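*Asks:* Using the sequences provided together with the hints, build the complete structure.
Number of protein chains: 2
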Amino acid sequence: MNILKYPSREEWQQVCTRPHIDNSSLRQTVLNVLEAIRQEGDKAVRRYEKEFDKVDLSDLQVSDAELTESDSLVSEELKASLRLAHQNISKFHASQVFEPKRIETCDGVTCWQKSVPIEKVGLYIPGGTAPLFSTVLMLATPARIAGCDEIVLCTPPNREGKVNPAILQAAKIAGVSKIFKIGGVQAIGAMAYGTESVPKVYKIFGPGNQFVVCAKQIVSVSDVSIDMPAGPSEVEVVADESANAAFVAADLLSQAEHGVDSQVLLVTTSESLIEKVLDEISLQLSVLPRKDIASRSLENSHIVLLHNMDEVMALTNEYAPEHLILAIRDAEEVAEQVRNAGSVFIGHYSCESAGDYASGTNHTLPTNGYAKSYSGVCLDSFMKRITFQRLTAEGIMTIGPAVMEMAHNEQLDAHCNAMAVRFKDVKDKK
Amino acid sequence: MNILKYPSREEWQQVCTRPHIDNSSLRQTVLNVLEAIRQEGDKAVRRYEKEFDKVDLSDLQVSDAELTESDSLVSEELKASLRLAHQNISKFHASQVFEPKRIETCDGVTCWQKSVPIEKVGLYIPGGTAPLFSTVLMLATPARIAGCDEIVLCTPPNREGKVNPAILQAAKIAGVSKIFKIGGVQAIGAMAYGTESVPKVYKIFGPGNQFVVCAKQIVSVSDVSIDMPAGPSEVEVVADESANAAFVAADLLSQAEHGVDSQVLLVTTSESLIEKVLDEISLQLSVLPRKDIASRSLENSHIVLLHNMDEVMALTNEYAPEHLILAIRDAEEVAEQVRNAGSVFIGHYSCESAGDYASGTNHTLPTNGYAKSYSGVCLDSFMKRITFQRLTAEGIMTIGPAVMEMAHNEQLDAHCNAMAVRFKDVKDKK
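From first to last, the protein sequence lines are chains X and E.
Per our numbering, the very first residue in the first sequence carries number 13; after that it's consecutive.
Per our numbering, the very first residue in the second sequence carries number 13; after that it's consecutive.
Don't read these hints as lab results, they were simulated from the structure.
Computed from a predicted structure; not experimentally measured.
Certain hints may be false.
Which copy is meant is left open, because identical chains are indistinguishable; a pair holds if it fits in one copy or across any two.
[Stated by the list, open to error] Straight line, CA to CA, 27 Å or less: simulated DSSO-like cross-link-like pairs of lysine-lysine:
no., residue 1, residue 2
1, LYS66, LYS442
2, LYS91, LYS184
3, LYS441, LYS113
4, LYS212, LYS174
5, LYS288, LYS17
6, LYS126, LYS103
7, LYS62, LYS103
8, LYS288, LYS436
9, LYS103, LYS113
10, LYS55, LYS126
11, LYS55, LYS212
12, LYS288, LYS441
13, LYS439, LYS174
14, LYS17, LYS174
15, LYS126, LYS113
16, LYS439, LYS91
*Replies:* So, in structure tokens, the structure goes:
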């Protein structure tokens, strides 16, 4: 790890700058696959599944028999854990239900918002070595609480045409409507445009590789909406002399094992902690199955020593980490100063993996500095707000003249007239 | 207008399909301008202002003297109207303030959300024949209530290098921090990347032509976030036999005058109303200054006659209009059935222009069917939610085993270990 002691403000930039992600070289490939899915539907999906996932699928949809079969393929311990996680995620997201307020802005003018579920949503769960069943819970649970009618899930099958049983169990527990054995760009295309088998959805969620990210960006321009831009996962641990070096090292490693491009940052006010953490990292790293990935990720990571907590929080807000662990005394007080972060873990016992799996918060969060303007996935991500208004005759008299004056000055006389015909009507009836 | 009487469900598609907007032919031009702004900053901004807005600017920023000068260039009537509109917009958006709840999801595990302002936002206000000062109020007012530190506004100057005084007055009333005389793609680039004069912002709002829309899409992929995709403005009027034909005609025309690509739709259960509305349209159209635009827009518009209100609402939810006017008996009851719409106007006196200017609701709304997944601009658009969590020793015991089980099954052993070191610590201390 690269150690920066008391860097100047100019050097902060080095810490805060993320690797520039440029997927423009993939763009044409992705466009071609998407266009084929749009034109040919299931036929093209099957062709790409054969090409990319090396599997010849007859049915694209996971059958009820396969779902039932997964019951016996997953241990009771894991099933109980999934249920506990689901319960906590449910509780926290259910608490986010929007309570509308009616506001009389002027006499006779009443306005309100209502939160309404997005009818059809699509969830993408990547394949690869590790089955990300936790992400199934994180996306499908709030979708179900929001009241989405149709929750479609796409995930690549293995070469035997099977989906990991833990993913199926998580989908069952969280209430996914339909599961399809489709991966990559073809999955994004199928959900964005609809095919004979896959319903067209209105919003697509979930992580993926650069091809999937690029496909989501392309379909979001004119077909559907998406959750947020995606980049490599990140953690920043803020620690003072009260921190437990073994905990801090474990937290840094848990991020570093995600991938070689993971971003790991330790910011501390305690010089003596740095050596202790480095020692603990060596110790813990040696026994990790994914130690190669973790060591490569750590090579590009920073430890920053700063004078005081004000400086620490200034750097933190500039960096805008996806995950922020506050392993410090008075953590809750300092948390008040957080302006840019995805999810904040307060105090020595609040590790990121708690929130990654089972505390109840969502783990789909803004990376790459996007925490400056994006929220993580929450109940609202699966709903939209519709505004309503009602004017009475009194309302026409109260705001009518202002509306007509403004419309006329914007040279939109038909807008002015729509109010004028009502204004006249109300006056005539008086 | 194209009249469809009792169309089959298949024919609904014809009504619901929007014109496909393809700005890919502009993409390279837009990319070139953006790249120049990124590389050269103000110098490139000035060059494009000369090329596109035909003006040679010394200062890009509107001066205090110009702001003061605008006081005397805007009538007292318009200033009073702007203040009333601002007051109502403030009241409605202030009522949207999020109230966080702390939830104990499990013993010893507490989670909450907090809404935090986006520090720097950029507003784009197009130029052209009509000065869209109402949009200044609609964007800057909630930005100020949210607590954004910096609210930057870009708008193209005229050939004398001046900004319309009504735009300056609206900006002053709503509390814009800095106003720049920059239009088009160069404005989007300046706010996305920052220049010597223009601060880099984290989110860009506001309407614009196809070049501006394309520029917003491009910068949203890796630099900033944006409000929403933009398409031609739309209104759907739902009317029954209780509707006032003059009101309905005025509402349709007020949308039609926006541009030749505006979408206007009348859906009714009353056959006799159709003739009356068409007569009223002829009458009102003849005296409109923008009658040429309005007539061309009406040529591509539909009147749909349906059997009953259930059918009407099914079509409405399929169409997902930006603006929906319910000019019917029992309008508030029917409004309960709205699932997809940007903003809903309930009853005969609730005209769209009320919400366009002064009722308090926002007029920046999802078009092109995006009301199926997007909200209009609201207070939340200028804020993001950060999640927080705190685990106690008890929390570690409650969810620790589930976290470790799930992490291990996802083959993320460092994630498992981050919980395991804490679990051991708590057990050892018992």
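*Asks:* State for each hint whether it applies.
*Replies:* Now the hints, each set against the structure:
{"no.": "1", "hint": "LYS66 <-> LYS442", "verdict": "neither (77 Å within a copy, 53 Å between copies)"}
{"no.": "2", "hint": "LYS91 <-> LYS184", "verdict": "within (11 Å within a copy, 59 Å between copies)"}
{"no.": "3", "hint": "LYS441 <-> LYS113", "verdict": "neither (32 Å within a copy, 49 Å between copies)"}
{"no.": "4", "hint": "LYS212 <-> LYS174", "verdict": "within (23 Å within a copy, 48 Å between copies)"}
{"no.": "5", "hint": "LYS288 <-> LYS17", "verdict": "within (16 Å within a copy, 79 Å between copies)"}
{"no.": "6", "hint": "LYS126 <-> LYS103", "verdict": "both (21 Å within a copy, 17 Å between copies)"}
{"no.": "7", "hint": "LYS62 <-> LYS103", "verdict": "neither (41 Å within a copy, 57 Å between copies)"}
{"no.": "8", "hint": "LYS288 <-> LYS436", "verdict": "between (79 Å within a copy, 19 Å between copies)"}
{"no.": "9", "hint": "LYS103 <-> LYS113", "verdict": "both (23 Å within a copy, 12 Å between copies)"}
{"no.": "10", "hint": "LYS55 <-> LYS126", "verdict": "neither (40 Å within a copy, 46 Å between copies)"}
{"no.": "11", "hint": "LYS55 <-> LYS212", "verdict": "within (16 Å within a copy, 46 Å between copies)"}
{"no.": "12", "hint": "LYS288 <-> LYS441", "verdict": "between (83 Å within a copy, 21 Å between copies)"}
{"no.": "13", "hint": "LYS439 <-> LYS174", "verdict": "neither (71 Å within a copy, 40 Å between copies)"}
{"no.": "14", "hint": "LYS17 <-> LYS174", "verdict": "neither (51 Å within a copy, 50 Å between copies)"}
{"no.": "15", "hint": "LYS126 <-> LYS113", "verdict": "both (9 Å within a copy, 19 Å between copies)"}
{"no.": "16", "hint": "LYS439 <-> LYS91", "verdict": "between (68 Å within a copy, 24 Å between copies)"}
In summary, the numbered hints that this structure violates are 1, 3, 7, 10, 13, 14.
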